[in-house]
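Trainee: Sequence:
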Amino acid sequence: MPAYWLVKSEPDAFSWDQQVANGVEPWTGVRNYMARNNLRAMKKGDLAFFYHSNVGKEIVGVVRVARTAYPDPTAESGDWSCVDMQAVGPMPKPVSLAAIKATPELADIALIRQSRLSVMPIEPAQWRIICKMGGWKG
DNA sequence: GCCAACGTTGGC
DNA sequence: GCCAACGTTGGC
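Residue numbers (numbering that gives the first Met the number 0): 0 to 137.
Keep in mind the hints are simulated off the structure, nothing from the lab.
What you are looking at is a predicted structure, and each value in this text was computed from that prediction instead of being measured.
C-beta: ideal position from N, C-alpha, C; glycine also.
Take the hints with a grain of salt, since some may be wrong.
[What the hints assert, rightly or not] Dumping the calculated EDC-like pairs for lysine to aspartate or glutamate here, alpha-carbon to alpha-carbon at most 16 Å:
#	residue 1	residue 2
1	Lys-131	Glu-104
2	Lys-42	Asp-83
3	Lys-43	Asp-16
4	Lys-56	Glu-24
5	Lys-43	Glu-24
6	Lys-56	Glu-9
[Said to hold, decoys possible] Restraint ranges, calculated between C-beta atoms of paired labels, are given here:
#	residue 1	residue 2	range
7	Pro-1	Pro-91	18 to 24 Å
8	Asp-78	Ala-101	37 to 43 Å
9	Pro-25	Ala-124	16 to 22 Å
10	Tyr-69	Gln-17	17 to 23 Å
11	Lys-56	Arg-30	19 to 25 Å
12	Ala-74	Val-23	29 to 35 Å
13	Ala-124	Pro-91	16 to 22 Å
Whole structure, please, built from the sequences with the hints as guidance.
Mentor: Laid out in structure tokens, this is it:
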């Protein structure tokens, strides 16, 4: 059984459309220890929501971990990691931050509680609720 | 564009 | 090792 995650990207920097166009994409640039540790805990086949921060503020798609953590080639120094993400498909109905905040069952989600974290785990129950909200047929 | 939250840095 | 200053993220 796969684990579930949420990864954030500013669409101005790297958008869902680019992820889809590229197919498999290295998820680089994470420079936060908690987020890095989450990257390192990912297993091949794990699924993650792709969230657009700043612009859109909604979950727009689902990606799969295609390669587990390896040294981030974009890091000039330090002990940083990245994984490879593969686009699985778009959310039929993107799930907005406002909709997540308005859902009592999602009040504890890290997206709200730790708004600055860019890579975070998602509980299976939370994953199912968001999939339902977005019309995702997993 | 502002500002709150919060992680990181650096002086002591 | 503490903590103030600083920088960054990200919602509004």
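Trainee: The structure should be examined with respect to each hint, and the outcome stated for every one.
Mentor: Against the structure, the hints come out as follows:
1. Lys-131 with Glu-104: holds (13 Å)
2. Lys-42 with Asp-83: holds (11 Å)
3. Lys-43 with Asp-16: Given that 16 Å is the threshold and the Cα spacing comes to 22 Å, the pair is violated.
4. Lys-56 with Glu-24: Roughly 21 Å between the alpha carbons, so the hint for Lys-56 and Glu-24 is violated.
5. Lys-43 with Glu-24: holds (14 Å)
6. Lys-56 with Glu-9: Given pair Lys-56, Glu-9 holds - Cα atoms ~9 Å apart, limit 16 Å.
7. Pro-1 with Pro-91: 18 to 24 Å: holds (20 Å)
8. Asp-78 with Ala-101: 37 to 43 Å: About 39 Å separates the Cβ atoms of Asp-78 and Ala-101, which means 37 to 43 Å holds.
9. Pro-25 with Ala-124: 16 to 22 Å: violated (30 Å)
10. Tyr-69 with Gln-17: 17 to 23 Å: holds (21 Å)
11. Lys-56 with Arg-30: 19 to 25 Å: Given about 22 Å between the Cβ atoms, the range holds.
12. Ala-74 with Val-23: 29 to 35 Å: violated (20 Å)
13. Ala-124 with Pro-91: 16 to 22 Å: holds (21 Å)
Consistency note: the structure conflicts with the earlier hints numbered 3, 4, 9 and 12.
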